[in-house]
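Using the hints provided, position chain B relative to the given structure of chain A.
Line by line, the protein sequences give chains A and B.
Using our numbering, you'd call the opening residue of the first sequence number 8 and step up by one each time.
Using our numbering, you'd call the opening residue of the second sequence number 435 and step up by one each time.
Bear in mind the hints are in silico, worked out from the structure with no lab data behind them.
Every residue, glycine too, gets a C-beta built ideally from N, C-alpha and C.
Any given hint could turn out to be false.
With beta-carbon atoms standing in for the labels, derived distance ranges [unchecked claim]: (1) Asn773(B) x Ser56(A): 48 to 54 Å; (2) Glu778(B) x Ala383(A): 49 to 55 Å; (3) Lys260(A) x Asp461(B): 37 to 43 Å; (4) Gln466(B) x Ala383(A): 53 to 59 Å; (5) Ala383(A) x Lys632(B): 54 to 60 Å; (6) Arg555(B) x Ser398(A): 26 to 32 Å; (7) Pro863(B) x Pro275(A): 43 to 49 Å; (8) Asp461(B) x Gly57(A): 24 to 30 Å; (9) Ser56(A) x Gln793(B): 35 to 41 Å; (10) Gln793(B) x Gln253(A): 51 to 57 Å; (11) Ser222(A) x Asn773(B): 20 to 26 Å.
One-letter residues, chain by chain:
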Amino acid sequence: MILKKYSALFALAGLLAGVSACQTNPGTHLQTASGKAVQTASESSVSESGVYSFMLKNGLKVLVKPDHRSPVAVSQVWYKVGASYEYDGVTGVSHALEHMMFKGTENLKPGEFSEIIAANGGSENAFTGKDYTAYFQRISSDRLELCLKHEADRMRHLQLNEDEFKKEIEVIKEERRSRTDDKPTSLTYERFNAAAFINSSYQQPIIGWMEDLHSMRLEDLSQWYKTWYAPNNATLVVAGDVDPQQVKKWAEKYFGVLQPSDIAPPKPRREVEQMGERRIAVKVPAKVPYLLMGYKVPVLKSLMDKGENESDIYALEVLAGVLDGGDSSRLSQRLVREAEIATSAGAGYDPYARQQTLFLFDGSPRDGHSVKELEAAIKKQIVAIQNKPPSRQELDRVKAQVMASSVYEKDSVFYQAMQLGTLETVGVGWQKKDDYLKKIQQVTAEQVQAVAKKYLLDDSLTVAVLEPQPTDTTKPRSVRRATGGRRGH
Amino acid sequence: MVIKKSLIAFSLLVVNGISTLVFASPDIQHWQTSNGAGVYFVPSNDIPMVDVRVVFDAGSARDVEVGKNLSGTALMTNGLLAEGAAGDDAQVLAEKFEAVGASFGNGSLKDMAWLSVRSLRDDKYLQPALINLKNILSFPEFHKASFKRELERLKISVKAGKQSPSTIASLRFYAELYGEHPYSQPSQGTDESLKNLKLKHLKAFYKQFYVAKNAVVSIVGQLTTEEAKKMAEDLLADLSSGQRAKKLPAVKELSESKTIHIDFPSRQSSVLMGQVGMARGDADYYALYLANHAFGGSGFGSRLMHEVREKRGLAYSTYSYFSPMHAPGPFMIGLKTRNDQLDEAMGIIGVELNKYVEQGPGVGELEDSLKNITGGFPLRIDSNKKIVEYLSVIGFYDLPLDYLDTFVDSVNKQDKKKVDDALKRRIHPDKMLTVIVGAKN
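The following block holds chain B by itself, in its conformation from the complex:
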């Protein structure tokens, strides 16, 4: 899962060193279902509703495990679940949710695949929605007709990606950066891989990865612990235990810089520049998180935005981020600028990156970032929707249960020396991949 910004802690915070904010920490409860799925629950009683999110280690990084050149398998498998299950077709499944006002969601990225339901708490709405979700999870039918239809739609979506400079840039960036690693393949698949895809691949993928031991269930809502326990147990009862997906292969870093310029008839050039970044649980996580916040991770407060946009008016948006995933995700810098100012804008980014790695952030920049991260913490968990997504991340990546409680402290423990050191060791301006999509002169 690609998350631009990372999570931060609950509980007692010292904000800005001025006032102490007592913030009721969501009480995360954790247990396992009898068939081995991890469950994470936060009771939330203010609104009569329930959010449930079931996440599987079944993203496109697993496509290679069903066969060669089959990217798109994970996405298609996830998408077909609600196209027919337990004797109901797509229409009936959708009606069953919508008749009780429940909203159903699903999706699949590189690491994670998920299904989610938001429902009213009243059992006359909640129970039918849960039964429907359970059927979709446990008894998908993978009909040939829906497979053909959804495959056609996916092909058009892949085609639409080819009219978007940002999409073209992103696909090429991952392909070049990750080479033989599964992260190199697009979740949506390619023209070639979608030609290879058969229904049997989806069935095999489902059988291997949609199993309890490979699942994390997150629940937030107006429920008691007992109710949540029963709910999670029932929901997954018909999934086999199975096995957890194996560890992803290691990622090879680039040994030298590489620049690719794709000619495209757009007004702007879309630029992505980066390298292999870090995985979840990396020892430098907090130092790099803080370093990135000040460099390009905090919008208007960031150095990139200041140098490129505010000082020179060269772009509407420019940013940088780490995507910590199971295997090291990328560190990426993004920019869009008018074709004829491409060299100037990239020159500035190059200079700033070099300077940042050499000298680190200024003391003021570091302080500002710490204040923003610490003081902004409550905003990150101010809704059930956000909390349920955070629970999924904690469960999926095996982060400690107190990960959130300790996040602000862990960030605050960083200082200039640690940040400078991490930057020097981890960011290599002389080994950057750059992908540009735009009209050449």
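This is chain A alone, in the form it adopts within the complex:
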């Protein structure tokens, strides 16, 4: 195919639908101010997959994944806070704070951290998701100590400056215009998301509503910083050409001196049951119609909280693979190549979030076909798998791809660190990574059929349709727009 993923789904679902952190289960990361909740303070353990883990006395979790292929290291600090922790009126505050984290501390002037990293040949940035805010550096491994030193500094000693904030909030508005307001598919996704969730904070755009950005104040950020930025609400992940014992020493030296906070978990805001289909249109200047469909589905964390069997999660993953795991999968084969209804069609599911999320479909119709026909064609594929389990060949193909990916991912130290940080921060624990391959291999065709029947229900569906309006500016129209992305700095 010429256009692999012209569909916006992975840009959107992967990055925006995002993942989240867990605060509903005390014990795991609720720490007292004295840090006494952590008994095994600093005993490190190493897992089957070679991940060293330990916790500092102040509650900072540290994960180290040595990989000596290249003399480089990745450092990531993950905070359990993101857009889903926010409430009405301050949407976007996690992301705005992330931007301001580069604007100086009691020890460094604005931009100086970035200058130090650059002068040492490193690259750095940060990103905000629904359930996390994370900061990272990639650097020659003999410079790792610098990263830890300054990350620790800004965890507790940020200096929020009004003049810097005034400029930076304008930068963030430009980011919003560029990522969302001027991108019809992103805009559609933002509105779709806001329509799909009724009371869950997953309805909020990560970058924040423009209205909230206009009224954001420095005090909102300093409150947010005080509330969430503490060692007992963070995970340090280091991967690459490093010695775990040395990392531990540095972690203790720089992060170990920081005071923990009393962290109150966010309100649960678990999504109420949907009682029937929800449907919206998004009319903006555009050229190509676009369809988004989402069904409410559980995530690993929501099933763990309820003490339910986790196998549904892995079956949903395989379902996504059968539908859209490569060019031979059903949506490409049947909708793009055979029926020739779609110019692109995709499906996606991300099991790593704090709360229940959406199993997504998206696509654009071919000329001569309507979005309505595309929706009907996608539903036909859903019904097909609800009526008949996938073939042996399809299942084997998905499992082979997952198995191969588990080898390929070793080529990226950064990606390995991302996985650990995500799992830990959304509250399922980084160890779940070790289970993944095995759990996928155990999924049966009948289980895939069963989850399609159980979750892909008309009454829990939300549909959004981008209805293109003229881009000809001689016909002025007033369009109010908005969206959000995970992204940093």
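Below, chain B without anything else, positioned relative to chain A:
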């Protein structure tokens, strides 16, 4: 191929003048297949996998060689290879890769067209993937039905480009800057050219350009040299030798400044400003690379970012880059800003560019850039994926085998005088093309 940032060397580095970093240099092995394709191989034994990438001088710069107003030919040809080959249809070809967990990729830009496969090393996975790749390369069938379908999809993609201010700006920028040169034409084609496109054009394009002498094979993975040799030889065995594509025509530089403002209902104005830059192998390459790094090529450390974003909050992103290609690619400055601050932001960029060409980078700026480039070198080659892409660039552009080994040295040999001199000779603020897409007031 448009690469924002360029490559840098392996081997012994002096970082920052403080510590010496001994970095095992990937050992690049090079030979030719018996039918004349260049092969570049780096053994990498840590992970049981193999990456192979086959690159042809068959990008859209070659579209004009099959006929007039046929842009999109290169992209369509490349895309149709895996739509039917050696008796298998698209579905079967995709299944054959995916059943063994291999990932297949392909694509086509202005200079290069490529096919790539990543596979597990074990022969029971690797061999079927290689056979499939070989069939796609050697025996594509160019079926009418898939041609029609993919052409329709491409037309919608071209249409989608018209809802993106950045895409509109970029297409217009190349069209204006390159005039009659093949680089002026969009790889995706235009509404008109896609109407002209016929299956026979794709077949002719394939026959002329998908030949061994016009190919470079890059391999990185858990293989011995013998295994890699056999692999490359087998993979291309059924391609005819053919001829290497001829040299692209020279590029005419702009003689005066030109500004185009396209009215579009967007919140931001997307700005591209630039001129003809340089080709691969240019004598000023290292001086200009360094000059650009400090000006707009290094994100937060760059002058553009500092003046436009950090000092004034006028944009989320602003940057500059050279795209060295076979023929001189552009030097380009990019900016997106709210429509009503367009004049202010562009004014600052204009002032900074003039000042930079007149005075050159500050001594501190130059030092910072050198430190970043030198110290950051290991990051650029820390995965098989990156190395295999670099091998393709070295092979495709005939860069010397020690190009990477000497890159840091070559950059370090630059000084303010050389950089200032190159800037003055090569960047002409009075002959800039500016394309703006956004709502006029």
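Could you check the structure against the hints above and give me the numbers of any it violates, in ascending order?
Hint check: 5, 7, 9, 10 fail, others pass.
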